[in-house]
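Number of protein chains: 2
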Amino acid sequence: MPETQPFELAAPLQQDSCFVADWPLCQLRVINDQQYPWFLLIPRRPGLKELIDLTPADYLQYHQESWQLAAWLRQCFRPDKLNIAALGNMVPQLHIHHIARFKHDKAWPAPVWGVAKMQPYQPAALQQQIGQWRQSLPAWPS
Amino acid sequence: MPETQPFELAAPLQQDSCFVADWPLCQLRVINDQQYPWFLLIPRRPGLKELIDLTPADYLQYHQESWQLAAWLRQCFRPDKLNIAALGNMVPQLHIHHIARFKHDKAWPAPVWGVAKMQPYQPAALQQQIGQWRQSLPAWPS
Numbered sequence: 012m013p014e015t016q017p018f019e020l021a022a023p024l025q026q027d028s029c030f031v032a033d034w035p036l037c038q039l040r041v042i043n044d045q046q047y048p049w050f051l052l053i054p055r056r057p058g059l060k061e062l063i064d065l066t067p068a069d070y071l072q073y074h075q076e077s078w079q080l081a082a083w084l085r086q087c088f089r090p091d092k093l094n095i096a097a098l099g100n101m102v103p104q105l106h107i108h109h110i111a112r113f114k115h116d117k118a119w120p121a122p123v124w125g126v127a128k129m130q131p132y133q134p135a136a137l138q139q140q141i142g143q144w145r146q147s148l149p150a151w152p153s
Numbered sequence: 012m013p014e015t016q017p018f019e020l021a022a023p024l025q026q027d028s029c030f031v032a033d034w035p036l037c038q039l040r041v042i043n044d045q046q047y048p049w050f051l052l053i054p055r056r057p058g059l060k061e062l063i064d065l066t067p068a069d070y071l072q073y074h075q076e077s078w079q080l081a082a083w084l085r086q087c088f089r090p091d092k093l094n095i096a097a098l099g100n101m102v103p104q105l106h107i108h109h110i111a112r113f114k115h116d117k118a119w120p121a122p123v124w125g126v127a128k129m130q131p132y133q134p135a136a137l138q139q140q141i142g143q144w145r146q147s148l149p150a151w152p153s
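From first to last, the protein sequence lines are chains A and B. In this text, residue positions in the first sequence follow the working numbering: the first is 12, and each later residue adds one. In this text, residue positions in the second sequence follow the working numbering: the first is 12, and each later residue adds one.
If we strip away everything but chain A, and leave its shape as in the complex, we get (with noise of 0.2 Å):
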């Protein structure tokens, strides 16, 4: 895949989910569903449509994205189970699902894709949820 072509988000991870953070390999963005603390990791590679996708260097460092990632959900979550899942059944565009998980959410302990219709949150409050998120999320050395 040339460098040249521009990493580019697909339209319905768009709509369903709001930018968090560029992390080096990754864009973090949050799935505009208040019924779950739901994260997608999307590599910023255009092109890619599975894991084995990525180079060997982006692999590596896409599992630390993640491992970070999962870290930071059970820190500050203090879930009951994490959820993460590359599908892309739908939305062919490789993104990877962080879920904290509880038992007494509405799809448990079922996996949550089709289960609720999205809830989503009051804007402003997304908004200033993503920035204390911000104040607590890993930094990255630049």
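Wrong hints could be hidden among the right ones.
The list makes no distinction among identical chains, and a pair is therefore deemed to hold if it is satisfied within one copy or across any two copies.
Computed list of lysine to any residue pairs in SDA-like fashion (alpha-carbon distance at most 25 Å, straight line) [what the hints assert, rightly or not]: (1) Lys114 with Glu61; (2) Lys60 with Pro90; (3) Lys92 with Thr66; (4) Lys128 with Val41; (5) Lys92 with Gln143; (6) Lys60 with Leu71; (7) Lys60 with Asp116; (8) Lys92 with His74; (9) Lys92 with Tyr70; (10) Lys117 with Gln140; (11) Lys114 with Asp64; (12) Lys114 with Pro103; (13) Lys92 with Trp124; (14) Lys92 with Gln72; (15) Lys92 with Glu19; (16) Lys114 with Gln104; (17) Lys60 with Arg85; (18) Lys92 with Leu20; (19) Lys92 with Ala68; (20) Lys114 with Asn43; (21) Lys92 with Ala21; (22) Lys60 with Gln26.
Treat the hints as calculated values from the structure; they're not laboratory data.
Start from chain A and add chain B according to the hints.
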């Protein structure tokens, strides 16, 4: 977690899947459901619940094994999409699903969990199939 504690496979994993191979870190098993090529990687370490419970060295090794399995799944089955997921809401022992998905499969485009009742292989056919898969699965240095 003390090294002396043995690895034990959780009963539901034992029941729903069959042994394929022991890789350096993980046991590779196949879910006994002929509707999907559906494999599990289960790190052979006691007491694991999350990917971030792995030591850093095991975390790297796991992702090498996941890469190998995913590449083999793509080459062997030519799926429309791979689904790779660490869920574990029902069975907490760390196990990571690797599934070859097709536009014509029973659950598409939904995730496979909870969609269709499992359709077990005939036992002899499954053992024959596993024997064939072993011929093409990656061999690890001992």
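Hints that the structure is at odds with (numbers, increasing): none
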